[in-house]
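So the protein sequences, as listed, match chains S and G.
Residue numbers for the first sequence follow this note's numbering, so the first one is 277 and each next one is one higher.
Residue numbers for the second sequence follow this note's numbering, so the first one is 1469 and each next one is one higher.
Treat the hints as calculated values from the structure; they're not laboratory data.
Ideal Cβ placement from N, Cα and C applies to all residues, glycine included.
Mixed in with the good hints, there may be bad ones.
Computed footprint of chain S on chain G; a stretch qualifies when at least three of its residues, placed anywhere within it, have a C-beta under 8 angstroms from a C-beta of chain S [stated by the list, open to error]:
(1) 1509-1516
(2) 1616-1628
DSS-like mimics (lysine-lysine), calculated; alpha carbons at most 25 angstroms apart, straight line [claimed, not checked]:
(3) 362/S / 1630/G
(4) 375/S / 1552/G
(5) 362/S / 1552/G
(6) 367/S / 1552/G
(7) 1597/G / 367/S
(8) 375/S / 362/S
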Amino acid sequence: MIGLEQYILVSSLLFAIGFFGILLRRNTLVMYMCLELMLNAANLGLIAFARYHGGMGGNLFVFFTITVAAAEVAVGLAIIVALFRKRQTVKVEELNALKN
Amino acid sequence: MTDIFFYIFSIVALAGAFGVVISRNTVNGAMCLIVTFLSMSALFVLLEAYFLAVIQVLVYAGAVMVLFLFIIMLLDVEESAARKTSVYTWAASVIAFGILIVGVVAIYSADSIRTKAESLPEASGASLKAFGYELFTTYLLPMQLTGFLLLIAMIGVIALSKKAKVDS
């Protein structure tokens, strides 16, 4: 019998891996994908809590999160494309215009 | 039986997530992310949130990842062999990851979140009718705001890509 704690473990491990990826990788697109992974891990946690609590609230929250994440992806990728057109790079190390 | 499925899909999801972080090629990373999203939608099915599982496949594994792959192809990013990740970055990320894992395991091994086998309530996320009813009664304002947010995002994307075109 799979309990709530197993789902929470998987969800938080996915969150931790996404966090690891954001710290480790220097490519903006990969960092953005890791961000999506973290959002999704939170969604899994919410659905697990909603299932074991017995209410609809968590599921509806996940519905809104997915919608907002889709909007966020569209805007974020447009920003990355605009940045690439201006600077010809997607590496965060080379995006240091505000340094010094 | 569902236990086996839970273990299979969790392991696939975690392996795909590691694939995103580890793979040097961005396209391979995106493919690994699709695998992760699909197995997470299977986990949603196991949690009896069928509607959200379908939404997950359609929106995330479909629309969002197609957008990602499209941008990866469009930008034509060169292989990341140009610069190696520095030792400091590796050390900092591994230490932060380790601390987070310690916290996760501490929460997992705590007694307070143990669920009793007989305490599982009736699944409420399965009914699409209940979902729609809640969405248009209790959560009507968030629903409207989300629609407005999508409009704003659309206008924002158009504005962003237009400005970049004028510059170049």
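Query raised in the report: Within a Cα-Cα threshold of 25 angstroms, do residue 375/S and residue 362/S meet the stated pairing?
Result: holds, 17 angstroms
**Report entry** Coverage criterion applied to the segment 1616-1628 of chain G (partner chain S; beta-carbon cut 8 angstroms; 3 residues)
**Finding:** Satisfied; 8 residues make the cut.
Query raised in the report: Do at least three Cβ atoms from the segment 1509-1516 of chain G come closer than 8 angstroms to Cβ atoms of chain S?
Result: Result for this restraint: holds, n = 5.
Report task. With a cut-off of 25 angstroms on the C-alpha distance, tell me whether residue 375/S and residue 1552/G pass. Result -> holds, 21 angstroms
Query raised in the report: Does residue 1597/G pair with residue 367/S here, judged by a C-alpha cut-off of 25 angstroms?
Result: Violated. Residue 1597/G to residue 367/S sits at ~46 angstroms, over the 25 angstroms cutoff.
Query - Satisfaction of hint between residue 1552/G and residue 367/S, Cα-Cα up to 25 angstroms - result: It holds: about 12 angstroms lies between the C-alpha atoms, which stays within 25 angstroms.
Report task. Decide if the proposed pair is consistent with the structure: residue 362/S and residue 1552/G, CA atoms, cutoff 25 angstroms inclusive. Result -> Holds, because 24 angstroms separates the two Cα atoms, which is no more than 25 angstroms.
**Report entry** Pair hint residue 362/S and residue 1630/G, alpha-carbon separation not exceeding 25 angstroms
**Finding:** holds, 13 angstroms
When the structure is compared with the earlier hints, a violation turns up for hint 7 alone.
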